[in-house]
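Just need the whole structure built from these sequences, with the hints factored in.
So the sequences go chain by chain: A and B.
Add 1177 to a position in the first sequence, counting from 1, and you land on the number used in the numbering used here.
Add 1177 to a position in the second sequence, counting from 1, and you land on the number used in the numbering used here.
Since the hints were derived computationally from the structure, they do not count as laboratory data.
Relax, there's no trap hidden among the hints.
No copy is singled out in the list; a pair is fine if it fits within one copy or between any two copies.
Subject to a maximum C-alpha distance of 25 angstroms in a straight line, what follows is the list of computed DSS-like cross-link-like pairs (lysine-lysine):
{"id": "1", "residue 1": "Lys1352", "residue 2": "Lys1228"}
{"id": "2", "residue 1": "Lys1483", "residue 2": "Lys1550"}
{"id": "3", "residue 1": "Lys1409", "residue 2": "Lys1438"}
{"id": "4", "residue 1": "Lys1298", "residue 2": "Lys1309"}
{"id": "5", "residue 1": "Lys1483", "residue 2": "Lys1402"}
None of these values were measured; they are calculated from a predicted model.
Protein chains: 2
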Amino acid sequence: MLGSFSYKNPTTLYFGEDSLNYLSSELSKYGKNIQLVYGGGSIKKNGIYDKVVAILKANNKEIFEDAGVMPNPTVKKLNEGIRIARENNIDFILAVGGGSCCDYAKAVSVSVYCDDDPWEKYYIRFEDVDCKVVPVGCVLTMAGTGSEMNGGAVITNSESKLKIGHVFGDNVMPKFAILNPEFTFTLPKKQMVAGIYDIFNHICEQYFSGEDDNTSDYISEALMKSIIHSSKIAVLNPEDYEARSNIMWTATWALNTLIAKGKSTDWMVHMIGQSVGAHTNATHGMTLSAVSLPYYRYIMPYGLHKFKRFAIEVWGINDANKTDEQIAQEGLSAMELWMRELGLTMNISELGVNNDMLEGIVDGTIIMDGGYKVLERNEILEILKLSL
Amino acid sequence: MLGSFSYKNPTTLYFGEDSLNYLSSELSKYGKNIQLVYGGGSIKKNGIYDKVVAILKANNKEIFEDAGVMPNPTVKKLNEGIRIARENNIDFILAVGGGSCCDYAKAVSVSVYCDDDPWEKYYIRFEDVDCKVVPVGCVLTMAGTGSEMNGGAVITNSESKLKIGHVFGDNVMPKFAILNPEFTFTLPKKQMVAGIYDIFNHICEQYFSGEDDNTSDYISEALMKSIIHSSKIAVLNPEDYEARSNIMWTATWALNTLIAKGKSTDWMVHMIGQSVGAHTNATHGMTLSAVSLPYYRYIMPYGLHKFKRFAIEVWGINDANKTDEQIAQEGLSAMELWMRELGLTMNISELGVNNDMLEGIVDGTIIMDGGYKVLERNEILEILKLSL
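Right, here's the structure in full:
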């Protein structure tokens, strides 16, 4: 049954090959001082940096560079971003990059006017924002996290080895996001498929929960079918605009609150994967792919009806003369085959995890209660062992 | 391929059994003078009127009644609404009802400060809004039109027998909409199924167009499957909250711009159905159901691949050892069976159309060019004859 909820998503999206043309009119709504957030410099190689800077200059903006955002943005980097914003009286934060840049920009945006320690306030105590928020915009160069149209921001504390996400409210969502599928063409294949699996798993996390009949689950199945279909094309030809555009659009709708409406959600793959990420600094999507199948095979008996539906509706498994368990297992086998074809990392050993690290990863895993089984500590350890 | 587009939907939705509780906080954002728009008085019988008025009074609002909005709101009624708004310096228009009330409220909202004749400006010349727009909110009592989260407003000119819709921009979308599935329980069954078919046809209009691979089409299939499933439950038990809530939520997403993104759309069933409505004043959903199958069977050869996909994905037609035509036909037959089971009107004779009226209905039909076949005048006549 659809539960009670509210829905508000104020982010404006510009999608397509000419979408960067809309940056000027959006920037005109904000003040002069722009904090330009980006990562390791790939946007300088592919020319996107030059295009964005030209638009900023044409609009007489003062640019304050905030480069070097890492794949798993750290508390240390966050504090650097806060300092840049405070010292320069920043009016607007423009993130040019993937989910890490966008997450980081949002984490800075809620921290500039925060009197407390942001890590403690937002990521340990999960408190709400009660200060002024600096507006954020995003030029997306990688499809995956959905960060361009939601209030989420994951930050990693390297010292305590904790990687934690906070989902902020609609006042923290980007004011606008520019989605040009061509900007994702130069991404290395490994990053592309990691992003694709991140998208797919976002949908799984919201789908594998609840016993009700819910429109959101139908939409989830649609998004899964679209991403599976387009991923097979994109992995053969990364410059297939149609496939990359479907992937980019699906990424946005996989995690902009829509498919979680009226239902419970799981998020345990992300919790385990994030803890793996905190201990290895591995690519986010690969930490998810490496622990997914052991997790789903473990919880399958507790949500058998949904895994059966998943097999039939998403993977087209023929259900004639089979038990529910057989159908559900065949669905997960089809998923595994697809994951292997994409070239995803299928175990945590490849990410640098060894036996000695497992207890620490369990310690860093936040246990959620929305899925088909609330895991015990020893069950997380068991799933990690099966993922080795 | 996903074309270029922008997406912005600023409407805030409150969904669920307690959603009316949010009316107070939303109203606090606007001025004192409220134009209260409603229809024929059913909201007085089922108690919704009293609840809304109590909230308005508790918020010290001045209520200016604008009752009697008919199922197909007329130009004459629109002018009355404009007069009420102008004479009372209205700050906010609150529509309590179904799509007609919500459409009408939006049509008034863009006309109060319009120096031109609104019918001529918006519905004959299709011009943009260039005046102040009075903000609108909606308490929905019927699921169907999706008007609660879009900029559309259909108005009927009884004298010239024209029923025309204008899709306004995001500044005309309701500021908020309150969706309580229980508010739809007392709706007569005929109105409920007409609404269900309106929803389904909104999806068809956006689905049956384009040759590309598009995420929007996957989402359309999901919404169709959800509405078919829930409609079968609701028609047997109209007070099944789960089914009615899925129908209500699906209605919103069937026509709030999402599933049209990046693709072409058709809308010819609505164009023919609206002209039938202008000549008969029949229930909107029934004008659509009465002309749909003759139209879709007529255009099927021009979009065979999509009708085949529709049959397989939406209706679960087995495609083994069949031609594409057979598969597509079986899909439309399954759709017809479902429509008959719901009790929809399947021909325009039952709506009061006779042979002598056909030429006039053709004259009032706006010909669109986004579908699989741009119809000639004689083809519309042919489809109408097949619908008799």
